[in-house]
Amino acid sequence: MLSKRIIACLDVRDGRLAKSIKFVETKDIGDPVETAHRYYEAGIDELVLYDITASSDRRDIMLDVVAAVAAQVFIPFSVGGGLRTVEDCAKVLLAGAEKINVNTAAVQNPQLIADASRAFGAQCVVLSMDVLSVPPASGTPSGYEIVTHGGRTRTGLDALAWARHGEDLGAGELVINSIDTDGTREGYAINLTRKIAETVRIPVVASGGGGEAEHLRQVLTDGKADAALVASLLHYGITTVAALKQYLDQNGVKVRIT
Amino acid sequence: MIHIVDYKAGNITSVQRALSHLGVESVITPDPDILRRAEKVIFPGVGQAASAMEVLHARGLDAALREAYARGTPILGICLGSQIVLEHSEEGDTACLGLLPGMSKRFVFSDPSLKIPHMGWNRIKIIREHPVLQGAAADEEFYFVHSFYPRPEDPECVMAECEYGSPFPAVIGRANLIAAQFHPEKSGPAGLRILRNFAAWNGSGR
Chain A
-7 MLSKRIIACL DVRDGRLAKS IKFVETKDIG DPVETAHRYY EAGIDELVLY
43 DITASSDRRD IMLDVVAAVA AQVFIPFSVG GGLRTVEDCA KVLLAGAEKI
93 NVNTAAVQNP QLIADASRAF GAQCVVLSMD VLSVPPASGT PSGYEIVTHG
143 GRTRTGLDAL AWARHGEDLG AGELVINSID TDGTREGYAI NLTRKIAETV
193 RIPVVASGGG GEAEHLRQVL TDGKADAALV ASLLHYGITT VAALKQYLDQ
243 NGVKVRIT
Chain B
1310 MIHIVDYKAG NITSVQRALS HLGVESVITP DPDILRRAEK VIFPGVGQAA
1360 SAMEVLHARG LDAALREAYA RGTPILGICL GSQIVLEHSE EGDTACLGLL
1410 PGMSKRFVFS DPSLKIPHMG WNRIKIIREH PVLQGAAADE EFYFVHSFYP
1460 RPEDPECVMA ECEYGSPFPA VIGRANLIAA QFHPEKSGPA GLRILRNFAA
1510 WNGSGR
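Taken in order, these protein sequences are the chains called A and B. Residue numbers for the first sequence follow the numbering used here, beginning at -7 and rising by one. Residue numbers for the second sequence follow the numbering used here, beginning at 1310 and rising by one.
Note that these hints are calculated values from the structure, not bench results. Any given hint could be a false lead.
[To be verified] Facing chain A, a subset of chain B residues (Cβ under 7 Å, in silico):
id	residue
1	N1320
2	R1326
3	A1327
4	K1424
5	P1426
6	G1429
7	W1430
8	N1431
9	I1435
10	A1447
11	E1450
12	V1454
13	K1495
Note that CB positions come from ideal geometry on N, CA and C, so glycine has one too.
Produce the entire structure from the sequences given, and follow the hints as far as they go.
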């Protein structure tokens, strides 16, 4: 039986670990390579490095970060943020990432998912989606809409339909980031995550809202997620990888104990 | 010195990065003549059996690997490399290297909660002690990403099993060949130990 995964998400801006506050401001909270290595040593199952560098001419800094992480972290990690073409994806994979992570660029150009999947294999392609709950309407019958730019731009796409479409195009995994719960630390969006997990046959990663170990347990059981993303919980030392895993293990969730 | 077979099958630099972290020298090579003379070989692979076999054949690497195996060179297969060392793969109905009798099989599940590929961390159970698996803790977990798995004809060739739906061979081998369905280079300290063991192995196995 597969273990449920705990994935640490590291937002990187201009080569530094950043914590975004409501997607607008950010503050520097450390060195991403050192942090990635620390979580690796602590037994994290996987990492996501997300480039939130504003200006595109500074993106090569991210490739250095990816290469430095790959040289000392021997677990899978994905890289996202600003990947618009198959060539962009190839660069981060060559630098040492296991998977690429696309979000807005895939909404604007769904063919990117298909092209990347054909070039590198579905297992390499992670589709991240930012989801907002909305009153059900004809275009969004599920009551969940795909948004971009941190929730500021509505797309009119139904989240369940987009998840299915992403899978059909060749995504190997989905990250479901709930805009409603993101940053609240009050728990993941259980219903949304479960609906998507029941809709697709690829692994689903829950993101947004994790504030304590019990929230992870809920989304990994009731929410049917295969993995849970954590960020500030770890970055601010609210808890540790070991404490999260110990809680999950003691409460009937199979996790990798190191 | 370990030679890593380059046949355009996925991101093989990650194997090299893990080896250099361990202080083990390695070279990535597409050259069959170098492989024939290699002291030790890692045969990695991500991708499809049919296209992998095409490239191996076009470069003469299939014959070189068979020769290296026959002359006792220690060989470590990884992921796709653990499948195409067998005679045949169900993936694309492909004739493979045939270093070991058997075939690789596709996962088939009636339970929709068992997703394919089998991707993530799973524990292995050691069936037969092997120098390359030495030092493993009970129930240690490794990182898997695959939709097919190796099924050697001779059950004696199964060194470790993993369970996904039902048990399947996770580490297979015979004599100087050992092959893991999981990715040791992505499996944290447990995986690094397997690479270190392989670097120290003289090729005498079961």
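Consistency of the hints with the structure:
no.: 1; hint: N1320; verdict: 6 Å, holds
no.: 2; hint: R1326; verdict: 6 Å, holds
no.: 3; hint: A1327; verdict: 6 Å, holds
no.: 4; hint: K1424; verdict: 6 Å, holds
no.: 5; hint: P1426; verdict: 6 Å, holds
no.: 6; hint: G1429; verdict: 5 Å, holds
no.: 7; hint: W1430; verdict: 4 Å, holds
no.: 8; hint: N1431; verdict: 5 Å, holds
no.: 9; hint: I1435; verdict: 17 Å, violated
no.: 10; hint: A1447; verdict: 11 Å, violated
no.: 11; hint: E1450; verdict: 4 Å, holds
no.: 12; hint: V1454; verdict: 5 Å, holds
no.: 13; hint: K1495; verdict: 5 Å, holds
Violated hints, in rising order: 9, 10; the structure is consistent with all others.
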